[in-house]
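2 protein chains.
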Amino acid sequence: MTPYAEMTKDELKMELKALQADYDKFQNLGLNLDMSRGKPCKEQLDLSMGLMDALNSGADLTCEDGTDCRNYGMLTGISEARSLIGDMMENNPEDIIIYGNSSLNVMYDTISRAMTHGILGHIPWGKLDKVKFLCPSPGYDRHFKITEYFGIEMIPVDMTPEGPDMDTVEKLVSEDDAIKGIWCVPKYSNPQGYSYSDNTVRRFARLEPAAPDFRIFWDNAYGIHHLYDDHQDYLIEILAECKRAGHPDLVYKFASTSKVTFPGSGIAAIATSQNNLEDIKLQLKNQTIGHDKVNQLRHVRFFGNIHGMVEHMRKHADIIRPKFEAVEEIFDKNLSGLGIGEWTKPKGGYFISFETLPGCAKNVVAQAKKAGVTMTGAGATWPYGKDPKDTNIRVAPTYPSLADLKVAAELFCICVKIVSIKQLLGE
Amino acid sequence: MTPYAEMTKDELKMELKALQADYDKFQNLGLNLDMSRGKPCKEQLDLSMGLMDALNSGADLTCEDGTDCRNYGMLTGISEARSLIGDMMENNPEDIIIYGNSSLNVMYDTISRAMTHGILGHIPWGKLDKVKFLCPSPGYDRHFKITEYFGIEMIPVDMTPEGPDMDTVEKLVSEDDAIKGIWCVPKYSNPQGYSYSDNTVRRFARLEPAAPDFRIFWDNAYGIHHLYDDHQDYLIEILAECKRAGHPDLVYKFASTSKVTFPGSGIAAIATSQNNLEDIKLQLKNQTIGHDKVNQLRHVRFFGNIHGMVEHMRKHADIIRPKFEAVEEIFDKNLSGLGIGEWTKPKGGYFISFETLPGCAKNVVAQAKKAGVTMTGAGATWPYGKDPKDTNIRVAPTYPSLADLKVAAELFCICVKIVSIKQLLGE
Chain A
9 MTPYAEMTKD ELKMELKALQ ADYDKFQNLG LNLDMSRGKP CKEQLDLSMG
59 LMDALNSGAD LTCEDGTDCR NYGMLTGISE ARSLIGDMME NNPEDIIIYG
109 NSSLNVMYDT ISRAMTHGIL GHIPWGKLDK VKFLCPSPGY DRHFKITEYF
159 GIEMIPVDMT PEGPDMDTVE KLVSEDDAIK GIWCVPKYSN PQGYSYSDNT
209 VRRFARLEPA APDFRIFWDN AYGIHHLYDD HQDYLIEILA ECKRAGHPDL
259 VYKFASTSKV TFPGSGIAAI ATSQNNLEDI KLQLKNQTIG HDKVNQLRHV
309 RFFGNIHGMV EHMRKHADII RPKFEAVEEI FDKNLSGLGI GEWTKPKGGY
359 FISFETLPGC AKNVVAQAKK AGVTMTGAGA TWPYGKDPKD TNIRVAPTYP
409 SLADLKVAAE LFCICVKIVS IKQLLGE
Chain B
9 MTPYAEMTKD ELKMELKALQ ADYDKFQNLG LNLDMSRGKP CKEQLDLSMG
59 LMDALNSGAD LTCEDGTDCR NYGMLTGISE ARSLIGDMME NNPEDIIIYG
109 NSSLNVMYDT ISRAMTHGIL GHIPWGKLDK VKFLCPSPGY DRHFKITEYF
159 GIEMIPVDMT PEGPDMDTVE KLVSEDDAIK GIWCVPKYSN PQGYSYSDNT
209 VRRFARLEPA APDFRIFWDN AYGIHHLYDD HQDYLIEILA ECKRAGHPDL
259 VYKFASTSKV TFPGSGIAAI ATSQNNLEDI KLQLKNQTIG HDKVNQLRHV
309 RFFGNIHGMV EHMRKHADII RPKFEAVEEI FDKNLSGLGI GEWTKPKGGY
359 FISFETLPGC AKNVVAQAKK AGVTMTGAGA TWPYGKDPKD TNIRVAPTYP
409 SLADLKVAAE LFCICVKIVS IKQLLGE
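Quick note, the sequences are listed as chains A and B, same order. The first sequence begins at 9 in our numbering and counts up one residue at a time. The second sequence begins at 9 in our numbering and counts up one residue at a time.
What the hints contain is simulated information worked out from the structure, not anything from laboratory work. These numbers come from a predicted model, not from an experiment. Among the hints, a few may not be true.
If several chains are the same, the list does not tell them apart, and a pair holds so long as it fits within one copy or across any two.
What the hints assert, rightly or not - Each computed EDC-like pair below joins lysine to aspartate or glutamate, with the alpha-carbon atoms no more than 16 Å apart:
1. 394 with 156
2. 50 with 241
3. 430 with 23
4. 430 with 206
5. 370 with 72
6. 293 with 156
7. 355 with 336
8. 138 with 161
9. 355 with 161
10. 370 with 398
11. 25 with 54
12. 293 with 149
13. 289 with 336
14. 353 with 170
15. 50 with 76
16. 50 with 68
17. 179 with 19
18. 397 with 237
19. 430 with 19
20. 414 with 337
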C-alpha cells in the first residue's frame, strides 16, 4: 500500500470519502462494544468455576499447620498459600505476605504507609516538601492515579522494547533524592506487552538511588500470563537479583491471581526483603487481624500446586490468543505500509499498544466511541492523563467475543485512517 | 461471705494459705487455656459451613442487576449485599459501602485517609500539629492501636452502664478543635457489654464539636449478637438520629459479619451520609477496583435475607450463652460478697468485664498465666495499654469449651482472691 504521506491531497480526499462511507456502515450497526479495560471474558471466568467446589460444607478447613482457616489470625497468610503464590512469583514463601483480593490495594497501602510512616525509619514522605516518582510511559493508568492522589510528582520516562530507558532512570534516581520510587510492569507490560530485558533488570537491581528509601514498585501482574507455550518472554527474578547486587531492600514486588481465577475474588501478595517485611508488619498488624484465609485455602485446594496453575493458564491462553491474533491480523491487513500507526505484538499479558501519528490518539478514540466502540481513554496511559504527543491508544482484546472484536478492530482501523488523513490534510 | 476488708490479718493469711493450696492443684493440671481474644469457638464456626455450599460450580454468579460477580467492578458492593447488610445495620442500602473481610481494616483506612487527605475538604490531620481522639475506656484495644499508630493523642473518657460519660464528651469536643473523633462500640460494648442508652445516643447525635471534621467512629460490632431471645438491648440507629438532629455527616458506622459467619472471611461495611460516602469514594476508587463480590454473593445466597441471619444468630447464642452463664455463676459463687471484684452481666457481645481492687489486675492476669490460663493482657483495654487504676480485666468466654471455661473461671477466682489478699495485707 502507498503510505498516506506520499499520497496527493486529492488522493487523500478520495480515500477519506470512501472511508467515511465505510464508517457510516459501522455506525449504522448500532455497536456497543467495550475494549477499554483488561477484563477477562466470560469463557475465561468459566475456567475457574471449579474454585467454587474447592471447598464445600464437608471440607476440612484446617491448614497443614493446624490453623483453622475459619477463625481469626495468620497476618501474613496461610503457609500453603504462601508456597503456591511463592511458586507463582518465583519467590520464597518466607519472603511473601498474602493480602486480600487486590494487588492494586496492596500498592496503594504501600504508598499510603510510606506517606504516613516512612520506610524503614526514614522520614514519612508526607512530611517532605516534594516526593517524585518515575513513571515509565505509556504505563498503567491505575498506578499513576495512586501517585497522583497522594500528590506525588510524576516524571514520565520513555519505554523501549527492552523496558524503561535505563540511562534516564539511573541518572535521575542517582541525582535527586526526592525521587522515591518507580512504577514498573516488568513482564508483558501494560499497555505495550514489552518484557524487561535481562540487562534492564540487572540495571534495576544495581540502581544507586540518592534516596535511601527509594523503592522499585515491581508490579508483576502478568508473570504467568503467556499467550504461547513455545514462544514466551522470560524475566530475571528481581528480588534475587537485588540480593545478588547487594541491594536486598530495593524492591517491592506485587502480584495477584486476579487474571488467573476471578478478578476481585482472588488473592494478592507482596514479596520483598525480610527488612521490608518486618517494616510492613509493624503497620499491617494495626490495620487487620488477617486477610481472607478461606479464600487462600480455596485457591490452594483448587490448583493443588503450581503445575495446576500453569495448566490453567494454558486454557486462558487458548481463549485469548485468537483474539490477539485477530486484532493483529486486522491491523496488518488494513494499516501496514500506510505509515499512520504502529502496534505491538505481545507474547502475553492483556494489551496491545497502538501508536498513531502525533496528535491523533484522542480523535481516534472519539471517532470509535461515536460508532459504539469504547477504547481506553486516550492519554490514560500517561501520568496525569496527558500523553505529550497524543499518540498512544491501549487496545484491550480479551473481553469482547472474537466476532465482536473483529468488528471493533476493523472499525478502529477505519477511525485511524480517517483521523490520520484529516491530520495530513490539516483539517 | 465476709468481705475480705472486714477480715483480720490472721484470717486473711489463713485464707491465703488455703487458696495457695487450691492454686497449686490447678497449676499441677498443666492447663493451656486461652481466654484472651473474642474468638468464636469451633461449634460456632461449624454453623456457617453451609456458606461453602452457597455457591458451587453450577451456580450462576450473576447479580440481580446483571453484573457478573466474577469480574472487575462494583466499587461499593453488589446491591443485594448492600440490602442484606443494610438490614443487618438498620441502614438504607444507598448509605452503605461493602468492603473486604475486616471492619477493622475499614476503620484503619478511614483514619489513614483523614490523615493524608482530610475529611470533606478540611485540612488533612497529618498536617496538623495535634490530633486527639476520645477513647471511652475500658474499650477495644485494636481501636486504640490504630490511633496510637497514627500518633493521635488518646484521651480516656469514663464508661458508664449508659455509655460514655456524655457530660465529659460534650464538654471536650465543644472546647477543643484538635479532638477529631471518638471510638465507640455502642452495643454490647467491648469489654463491658454495655449498650448505649437512648439518651446517650441522642446526645451523640447532638454533639456540637469545635472541629468541623470531627467524626464519631461507631463500631457496631455486636449489633445482632444477642445472648437471649427475650432479653435484648436496643440501640437507637445513629445515622437516622444524626440526620434528625441536623448533623447528618457526624458519624461513620462500621459493621461486619466476622462474628456472624467466619472471622476473616466475612464482609465488612461502612454506613454514613451521602456527603461522607462521596468523599470516601474519591479515595476508594484509587485504592481498589472493587472488593470481593463473589464472597458478597456467597453471603447473600447463604442467608437469603435478614431473617435467615437472625435465625443463624440464635444458633450462635445457644452455643455461647451457657458459657457466659457458667462464668457468671462461678464468679457469683466464689466472689460475691467478698468486696474484691465486680463484673458485668452482658446480654450480648463477646466479653465480660471484670474490675479488681485497685492495683490488682496485672497481678491477677500474671497469676492466671502461671497456671496456664491466658487472659487479655491487663491494661489492653485502655489507651496506650495503661489502665490508670490497674483494675480492668477482659474475660472472653466464647472460645474455650464449656468444661475448660469452668476450670479457667474457677482458677481465675482463686487468682483474684490471692492477689486481693496480698494487696490487703500490703505484701
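Next item on the list: Compare the structure with the hints numbered earlier in the document and write down the numbers of the violated ones, lowest to highest.
Entry: 2, 4, 5, 9, 11, 13, 17, 18
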